[in-house]
Amino acid sequence: MNTERFKERGMLFLRSQGFNRASASVTAILSGLLFGLVILLISNPSQAFDGFLIIMKGGFSTGAKGMGQVFYFATPLILTGLSVGFAFKTGLFNIGAAGQFVMGAFAAIYIGVKWTFLPAPWHWIVALLGAALIGGLWALIPGLLKAYLNVHEVISTIMMNYIGMYMANMLVKATVYDSRKNLSMITAESSVLPKGGLDAVFHNVRSSGTLDYSTVNSGIYIAIVVAIIMYVILNKTTFGYELKACGFNQNASKYAGINEKRSMVLSMVIAGALAGLGGGLLYLSGANGRQLKVIDVLAMEGFNGIPVALLGLSNPIGIIFSAIFISYITQGGNYLQSMDFVPEVIDIIVACIIYFSAFALIIRNIITKLLKRKKSEGGEA
Amino acid sequence: MDILFLVVQQTMFFSIPLLIVALGGVFTERGGVTNIALDGMMIMGAFTSILFINKMHGSMSGQSLLLIAILIAVVTGMVFSLLHAYASINMKADQIISGTALNMFAPAFAIYVARMIQANGVQQITFVNTFRIPKVPLLGDIPLIGGFFFRNAYITTYIGLAILVVSVIVLYRTRFGLRLRACGEHPHAADSVGINVYKMRYAGVVISGGLAGLGGLVFVVPTSTQFNATVSGYGFLALAVMIFGQWKPMRVLFAAFFFGLMKTVASAYSVIPVLNTLGISSDVFKMVPFIATLIVLAFSSKTSQAPRAVAIPYDKGSR
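Keeping their order, the protein sequence lines are chains A and B.
Under our numbering, think of the first position of the first sequence as 1, with each following residue one higher.
Under our numbering, think of the first position of the second sequence as 1, with each following residue one higher.
Check the hints yourself; a few may be wrong.
Stated by the list, open to error - Computed from the model, here is a short list of chain A residues facing chain B with C-beta under 8 Å:
#, residue
1, ILE163
2, MET167
3, ILE354
4, TYR355
What the hints assert, rightly or not - To be clear about the criterion: a stretch of chain B counts as covered by chain A if any three or more of its residues have a C-beta under 8 Å from a C-beta of chain A, and this derived list gives those stretches:
#, region
5, 80-92
6, 101-108
7, 115-127
8, 283-296
No lab work stands behind these hints, which were simulated from the structure alone.
Think of the CB as a built atom: it goes at the ideal place given N, C-alpha and C, for glycine as much as any other residue.
Working from the sequences, and respecting the hints, build out all of it.
This is how it looks when you write it as structure tokens:
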């Protein structure tokens, strides 16, 4: 009797929407990884399995420091993932996270280098707020264009990506440029995000006995807190409900008394602010962390927000995990260079994961069908 | 006068690939499938064909080599676009997501393969440009026009213009074109009179893939001597050109020339005396084509004439 009930509950869980959706994501990930393995096998059969193992070991390959790096690079991904995911939830496709990210990064670096009159905690707080503000402003333009002039946001945000990239290059060169390294200057000590106790865990001990610290800092805490806030806004507030309603059906929302144009612009601005904040969190990490490169290449962190959001099913909590996953295998890819492989195989894997996640609808239907068949078979017996 | 010639010739180098790729966009969208993977398809087409030119160095040169490379670029683009067609037509996937995946895949694949097969893991594929026609016989001697269009030219320019003519004829003067447009406007109506919507949409996507692949090669050959797994966002600009051209081939031609001119200003400002003396940062000039795109889109999107059923997967059962 008890086992019967347990079984029934299990079946209920299997047929629940959440499980169904998550299993589609897992299927996409597995298919992508399998494809990656095939690519490795074709290009270098003798080392393929070792290489694949390195990818799977991810950050663990270099111990605690490596795992710290996974969280360091996951931090901006969580934010750009939230940016894309939030826009998805409100019916917009924000491909512009790269531009918003890099503009936010510039704002944070500028404040970090120039506004040294601010004392320690306030300096990085203001720098982060500046990053979010500029990221939001960068998304305001496509938002307004979409709401009032019917310009598709996919095209306008792509254009804003390129404009943002050149703009950031120009502004860095004009204000905070270290011309010897072709990088932005290192920000002031007071603007660096505190370690938040993470250095006690994520470090390796060198043979000489000194400690080799990871770059990870309290940015990861901030990212997780922001994700939780976004979850609450989307699921527990009227404001979030209105934004989502506009995404589902503009005309119905307008009929229900929601200002649909304002909602659309706001959604875009919030998405941009999230991506901009991501830029701030990555680059306010002191001399050991990243500096902004002055090159004509779009920020990868922005584009990787798209797979992060898709894998996390645009759910802010899911996005935390998918960002850590993408960062984890990307770190694994970096260690591939020790063998005769090229780290771009990770980008290929991620691209395949997105491609297969586009099939989510069909995969879900297949899973539901399989479960239904199982149920009817069980009924007959 | 020499500068004017140079500007016009440069404009052609930038406009023709935009024209070809945007026409590809017209075919796929008129059939009802949106294709933001044009950029990725350009990269794949450019990658295989430039690699071919690189490998053939020494044994072949000139127009015959270019023509074979063109064929390879077209076929590559077509094959690659099948992935998008399968996802968006058979699997009824979100076409933007599928396109994004292909856009991510193409540069990663090009870099990966280039670094795996080339010595020292170099990712740039270099090639020797033996394709420039200094002067077309007879036509190059025509005053003015000869200097604009028939000197320092590439065969690809004329192929691009030929594609335009063929596109107009195919879209508006053939049974296939009418059926394709029907599938983009009202697929159920098309289906009800016996047109195979899936087949027509496949045709649209594959044509766009072929043209995008060709566009990738046409973009790289006159403007560079190496391929570095990028076409500088040209596929996206082509999408904007298509929208600006309101999905009509002749308007697309004008849109492509407009953007080509903007791009020429961005890249050749240093040789244009008026612009060079302004002392503006090169980054500003690089932004110009993209800002111009945004402004143009802002004015032309309000009365958009996009195909009605574009980006909506066709489901026979739905109403």
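Consistency of the hints with the structure:
1. Against a cut-off of 8 Å between C-beta atoms, the interface hint on ILE163/A holds, since the closest Cβ of chain B lies about 5 Å away.
2. Checking MET167/A against chain B: minimum C-beta separation of about 7 Å stays under 8 Å; hint holds.
3. Using the Cβ-Cβ criterion of 8 Å, the hint placing ILE354/A at the interface with chain B is satisfied: the shortest such distance is roughly 4 Å.
4. Taking 8 Å as the C-beta contact cut-off toward chain B, the hint placing TYR355/A at the interface holds, the least distance being around 4 Å.
5. Counting residues of the region 80-92 of chain B whose CB lies closer than 8 Å to any CB of chain A gives 4, so the stated coverage by that chain holds, three being the minimum.
6. Remark: the region 101-108 of chain B is confirmed as covered by chain A, as 6 of its residues place a Cβ nearer than 8 Å to a Cβ of that chain, reaching the required three.
7. For a cut-off of 8 Å, the count of residues in the region 115-127 of chain B with a CB near a CB of chain A stands at 3, and the three-residue condition holds.
8. With 8 residues having a Cβ less than 8 Å from any Cβ of chain A, the region 283-296 of chain B passes the three-residue criterion, so the hint holds.
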